[in-house]
Amino acid sequence: MHALGRLEDYRGATNLLARPYGALSRQYAKENTQEWQHLIETNGKQKADEICDFLLSKCSLSVISLPEERLGEAFQLFDSQNNRGKSLEPHDLLKAYHLRSIEKSCEKTVEKAVENWEKLVTDEHLPLKDLFDKHLFRLRRWTSGETGLTKSGCRNYLSFTNAFIDDFKGVDLNKNNQTYPYLRLYCLLEEAGRDFPQSLVMPIINGNYFFDYVQHAHKQFAKLIKTDTLFTSKSQEGGDEKGPSWLLDLARDSEVAELLKQKASKYERPKNLFYNILALFIDRFGEDALDKEVLEVLATWAYYPRKAKRIMDSTLANYAAGGTFQKKEVQKLFQVLNHSLTPSDFLQKINRDYFENITLKELIKEINT
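Going by this note's numbering, the sequence shown opens with residue 2, and the numbers climb by one from there.
There's no promise every hint is true.
Calculated cross-link-like contacts (lysine-lysine; reagent style DSS-like; alpha-carbon spacing at most 25 angstroms) [stated by the list, open to error]:
#	residue 1	residue 2
1	K333	K267
2	K310	K130
3	K227	K310
Restraint-style ranges between C-beta atoms, simulated for each label pair [unchecked claim]:
#	residue 1	residue 2	range
4	K366	S315	23 to 29 angstroms
5	K170	N44	36 to 42 angstroms
6	E36	G13	19 to 25 angstroms
Treat the hints as calculated values from the structure; they're not laboratory data.
Ideal Cβ placement from N, Cα and C applies to all residues, glycine included.
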């Protein structure tokens, strides 16, 4: 109605617009108005007037009020009642949850968090939905020894749904929680105005710290996802090598590169497993700790399930965190890595008997035949 200049047709418009709104609501109102203006230009004013008439004569506006301390329930209610349209994504609910944990006085902090978040939502290489669904959700579950599987009928599937959003709801750094020893480091850093040491498996801390965590995680995984283009780029063919040292080592390793070049769907799940375990290694020990031996061991372990004729979500999850593959015991390598003190300690703890002491070259030959 605002885009059409027909606010006077709705008697409650003045009262509605006079209410105070936060920065997030104002931003969405602006974006919605711009979208409607675009639709009016595209489809014509007559069509827009018909929609407006329908809204005025056939629809009603309901307002649900809740005390401020129960605002979180409003988002859950909205999601449950929004069954005629597109449901809110889990990461949408998380954004709302953590924005509410930022102090009201920090409006610029909220605006910056929203701006950065929305950029990640539509990121070309790694959209935010995939970051949570394909990586963070799985990595944090598998590191805890949990498969993350959801049972639906006769099958199990891996998916970050609203049922798992509590995985990314954390704690507040307030006086009540400062007595927890595991939070003391973060409390001291906050008091000193210092940045937190970021980790993919760190405790989730509510508010702006969560948005910092997501930015860090996205940067880590986006760097890995972009490796797919490195192997076939002209810069590599011409010898103009650019990128971090571990990435160049990976590109020079023809056997690992051979696996990551594969675009067939049968390689998607093991590639995801490889990227997640590789991200955890880099997160724990740094890029400089990566060498050819580590890369080959991680690749061999991640692609070993491809020996099976068929890989399902349940195959991947049970191999990564359930400790089984084809009814045989295997190591929970995410947990082994997360408990290792040094790269050499990690390599020593790997029992290669679990994947038949097979070399990466032998594995590639077997899965390609």
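Would the pair K333 and K267 pass a check requiring their Cα atoms to be no farther apart than 25 angstroms? Given that 25 angstroms is the threshold and the Cα spacing comes to 22 angstroms, the pair holds.
Supplied distance hint 23 to 29 angstroms, evaluated on CB atoms of K366 and S315: Roughly 27 angstroms apart at Cβ, these two residues keep to the hinted range, so it holds.
Run the distance test for K310 versus K130: straight-line Cα separation, threshold 25 angstroms. Distance of about 29 angstroms is beyond 25 angstroms: violated.
Has the hinted range 19 to 25 angstroms been met by the Cβ atoms of E36 and G13? With a Cβ separation near 22 angstroms, E36 and G13 satisfy 19 to 25 angstroms, so the hint holds.
Pair hint K227 and K310, alpha-carbon separation not exceeding 25 angstroms: Judged against 25 angstroms, a Cα distance of about 28 angstroms means the pair is violated.
Quick one: are K170 and N44 within 36 to 42 angstroms, going by C-beta? At 41 angstroms between Cβs, range holds.
In the structure shown, a violation is registered for the earlier hints numbered 2, 3, in ascending order.
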